[in-house]
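Chemist: Please build the complete structure, drawing on both the sequences and the hints.
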Amino acid sequence: MTSTGTRPESAHAVEEIRVYNTLSRRKEPFVTIERGLVRMYVCGVTPYDSAHVGHGMSLLAFDIIRRYLEHCGYQVRHIQNFTDIDDKIIARANVEGIAPDALTTRFIAEWETQSRALNVLPATQYPRATDEIGPIVAMVERLIERGHAYAVDGDVYFRVRSFPGYGKLSHRELDDLLSGARIEIDERKDDPLDFALWKAAKPGEPHWDSPWGPGRPGWHIECSAMSSTYLGGQIDIHGGGADLVFPHHENEIAQSEAFLGVEPFARYWVHNGLVRSGADKMSKSLGNFVRLKEIIDRGLGAAFRLMVLQSHYRAPLTYSEDALLAAERGLARLRLAAGADAIEAAGFEEESGGTIRVADLAHFAEETDCRFHEAMDDDFNAPEALAALFELARAINRERGAVGSFESIEPAQATLVALGGVLGLELENPETTTAVDAAPFIDLLLRVREDLRQRREWALSDLIRDELGSLEVTVEDTAAGATWTLRRG
RNA sequence: GGCGCCAUAGCCAAGCGGUAAGGCACGGGUCUGCAAAACCCUGAUCGGCGGUUCGAAUCCGCCUGGCGCCUCCA
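Numbered per the working numbering, the first sequence spans residues 1 to 489.
These are calculated hints, taken from the structure and not from any lab test. These figures come from a predicted structure and were not determined experimentally. What you were told as hints is all true, and nothing was included just to trick you.
No farther apart than 27 angstroms at their CA atoms in a straight line, the calculated lysine-lysine pairs in the DSSO-like style are these:
#, residue 1, residue 2
1, K281, K88
2, K281, K168
3, K293, K88
4, K202, K88
Simulated restraints on C-beta separations:
#, residue 1, residue 2, range
5, L325, G233, 42 to 50 angstroms
6, G36, D243, 31 to 39 angstroms
7, E112, E205, 24 to 32 angstroms
8, G232, K27, 19 to 27 angstroms
9, R394, E205, 55 to 63 angstroms
10, T318, P214, 41 to 49 angstroms
11, T318, V31, 28 to 36 angstroms
12, D322, E173, 40 to 48 angstroms
13, T483, V95, 49 to 57 angstroms
14, D443, D243, 45 to 53 angstroms
15, R394, D176, 45 to 53 angstroms
16, N397, V95, 49 to 57 angstroms
Glycine residues also receive a C-beta, built at the ideal position from the N, C-alpha and C atoms.
Modeler: Okay, structure coming up:
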């Protein structure tokens, strides 16, 4: 590593970061509870089905935020949960005729595999709701003691009217919520908006013992409990998709603040925009989703990350096959600029007199570094940061063509690779699906072809290139000979 | 019905008061036996109508179109 792209670990540097807070609806200076440490809780998934592009967007958005904070010298304690018990899990398990935990184990494993495939840094811990029943029950008991919750027939509900700040995150009034009239009236509840903390088990359902009888946690409480267990009381960042603002995060605030007696529960509420498929939100309920697996299996994981980076994390992302392929092309150009292979293979001759240009490029790299950090400091504006990297890449490629000496572009390449790395882009190690089995034969074919080219037998030479092309092998002739790459997709 | 968001070139997408980043595609070049890649050149006044301002894509109002949340959801 070079010193390029790193930041001083001083408080001055980190205080330049501004983060948009859903709670205040504005960008705020980022100041952590404890200097140098970020306590971050990001809502994970309910593992009852395969992850789709929307989950990937959230995963990447927070991975990028985390990487940048670490780059700025913070230690990030990152907790991501699995809500591995709820109605959908039970329903799906019943359909498949397996136990709920067998189902969730499968999808959690899948999630972890895909997370790795997308080059997402592993969270510090991945707690599961079913492993945290003790803390959950304790929290519910405490809420009852304090008058914030009440038990009815084995269920326990949070008394929304007991928490004055209810609605502050999603900026709603209780009465406005009621007018929505989409809530089933349950006569047993004090208020229709009261939500379940604990649900009595129905026959055949998974259950745990509790002071209110056998049952399971309701949605929302598990996150409050896990956050408290793994991060202590107040935390710095609580994240998730924009669709979690209400009711999930609103309810979490009510539970956690009522429980902790501390406000705010999370200093920064960060929400990523939702992925759209055409005009609509992509979701399982709409059935218009693309599975993450499809993208990863096609070797387009890094391209997907670039696609996500090209739009702001808070803005909705319009997903399309075209956009994904466009990102793949862009990624290839960044990698070309970052890589040393091409220049060596091309065997450009050293030229003197490139000094001034080299100085220009070095200077440009410094400016890029500045622009990159300014963009990322401003609420993680990755599209702007990435734009700077693309311009640097063009400058490098231009320089390479003009001067052709590796030494002249190496420092700029180091900057490009370092900054790309901050965004989780591995520009040096393309995820080539190296066909080790076929490689010797392809090399042999190209050697023969080279001989044909020497004899100017273009027809046969082109035939080999075309045929290889139809076999997903792209052949490119350079000044130093032919190169080949295996196409993906 | 309530709350909120968005509308920028063919597509994706930044900018959010000082006169439009970037990516992909298209077209024209350079290079190449040809091709590919790379590089160079080329394209928008920012949904519509008013208003505020010396100045607005950026602020305010109205209109049109679309989306999200209010029910499971990253």
